[in-house]
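Asks: Assemble the whole structure, with the sequences as input and the hints as a guide.
In the numbering used here, the protein residues as written are 7 to 286.
Calculated directly from the structure, the hints in this document are not laboratory data.
Note that the coordinates shown come from a computational prediction; the quantities given were computed from them, not determined experimentally.
We treat Cβ as the ideally placed atom computed from N, Cα and C, and that holds for glycine.
Everything hinted at is true.
With a straight-line Cα cutoff of 20 Å, these simulated DMTMM-like cross-link-like pairs (lysine to aspartate or glutamate) come out:
{"no.": "1", "residue 1": "Lys18", "residue 2": "Glu269"}
{"no.": "2", "residue 1": "Lys170", "residue 2": "Asp113"}
{"no.": "3", "residue 1": "Lys8", "residue 2": "Glu269"}
If you anchor each label on the Cβ, the simulated ranges turn out as follows:
{"no.": "4", "residue 1": "Asn142", "residue 2": "Ser38", "range": "17 to 27 Å"}
{"no.": "5", "residue 1": "Gly223", "residue 2": "Arg172", "range": "45 to 55 Å"}
{"no.": "6", "residue 1": "Ser44", "residue 2": "Thr140", "range": "22 to 32 Å"}
{"no.": "7", "residue 1": "Gln114", "residue 2": "Leu198", "range": "22 to 32 Å"}
{"no.": "8", "residue 1": "Leu243", "residue 2": "Arg172", "range": "53 to 63 Å"}
{"no.": "9", "residue 1": "Met22", "residue 2": "Val85", "range": "22 to 32 Å"}
{"no.": "10", "residue 1": "Phe10", "residue 2": "Leu57", "range": "36 to 46 Å"}
{"no.": "11", "residue 1": "Leu96", "residue 2": "Ala164", "range": "13 to 23 Å"}
{"no.": "12", "residue 1": "Gly110", "residue 2": "Ala177", "range": "14 to 24 Å"}
{"no.": "13", "residue 1": "Val40", "residue 2": "Gly223", "range": "25 to 35 Å"}
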Amino acid sequence: MKAFMQSFCRNKGGIMGLIVLGLVTLMAVTASWVFPDSPWDIINGPFMPPLSEGAVLGTDTLGRDIATGIAYGSRITLVLAAVSTAVSILLGITVGALAGFYGGRVDQAIVGFIELFQTIPSFFLAVVLVAILTPNMGTVIFAIAVVSWPPLARLVRAEFMSLKNREFVQAAMLAGQSNLRIILTQILPNSLSPVIVSGSLMIASSILLESALSFLGLGDPNAMTWGYIIGASRSVLRDAWWMSVFPGVAILLTVLSLNLIGEALNDALNPKLARRRATQ
Numbered sequence: 007m008k009a010f011m012q013s014f015c016r017n018k019g020g021i022m023g024l025i026v027l028g029l030v031t032l033m034a035v036t037a038s039w040v041f042p043d044s045p046w047d048i049i050n051g052p053f054m055p056p057l058s059e060g061a062v063l064g065t066d067t068l069g070r071d072i073a074t075g076i077a078y079g080s081r082i083t084l085v086l087a088a089v090s091t092a093v094s095i096l097l098g099i100t101v102g103a104l105a106g107f108y109g110g111r112v113d114q115a116i117v118g119f120i121e122l123f124q125t126i127p128s129f130f131l132a133v134v135l136v137a138i139l140t141p142n143m144g145t146v147i148f149a150i151a152v153v154s155w156p157p158l159a160r161l162v163r164a165e166f167m168s169l170k171n172r173e174f175v176q177a178a179m180l181a182g183q184s185n186l187r188i189i190l191t192q193i194l195p196n197s198l199s200p201v202i203v204s205g206s207l208m209i210a211s212s213i214l215l216e217s218a219l220s221f222l223g224l225g226d227p228n229a230m231t232w233g234y235i236i237g238a239s240r241s242v243l244r245d246a247w248w249m250s251v252f253p254g255v256a257i258l259l260t261v262l263s264l265n266l267i268g269e270a271l272n273d274a275l276n277p278k279l280a281r282r283r284a285t286q
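Replies: Okay, here's the thing in structure tokens:
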């Protein structure tokens with residue numbers, strides 16, 4: 007653990023990403039204290055520019071405060087991305103573990119099932135799922151989870167196929183341990199490193215996917231998210247640039263910070279890769 011922390015702290019990009027993500031999380035936690043008004047409240051006239059009285063980042067088409075919307079939107083955006091990623095990881099680990107551990111016909115059937123999902127563009131599939139179902143938080147989470155798990159399942163499958171023939175796994179089999187116990191206690195803990203790295207990147211992808219869905223009007227209309235704010239301003243981009251620029255910057259910084267953290271985690275969990283980059 008100490009070596010991991012030292013390796014992570016040596017990555018300046020990862021530290022910067024962690025600081026930015028911490029600030030975004032702090033904004034989400036303290037939103038109700040810093041901005042006591044609801045993000046849906048009309049607090050001023052419409053199309054007020056930034057630095058106006060009572061509206062630091064301006065107002066939208068109805069006179070709602072953009073800063074309040076960004077602060078409260080960070081809550082829903084982060085929670086939505088975290089929950090959908092957790093569901094994707096759970097599904098991907100389960101499917102990938104079964105395919106990699108049992109192999110044979112089980113592996114062939116599961117790989118065919120994974121390829122079925124990967125033949126359809128992920129964004130198109132998410133749009134179709136949300137359009138068919140009623141657009142709300144649950145369906146958006148479901149759609150993001152459905153399109154996000156196949157790459158992780160392939161990754162876990164490859165890890166399990168590589169580890170199941172190792173000596174410690176064979177010893178556990180000879181000791182009479184059940185397949186479920188071997189999967190959970192022997193193989194899975196040794197294959198979590200790439201899963202952790204992939205999970206941090208999946209959160210960033212989930213934020214972008216939710217924002218794209220909301221921009222198209224397929225997000226939850228009752229949830230104030232960054233994507234919703236940008237989507238509501240798409241018809242007035244020339245007249246009220248601040249309505250899309252500020253939430254767009256919030257999305258950019260959050261996604262960038264998650265990618266930097268993912269790269270730092272990858273270097274910390276794979277010291278050989280970090281040394282190879284240092285020599286290049």
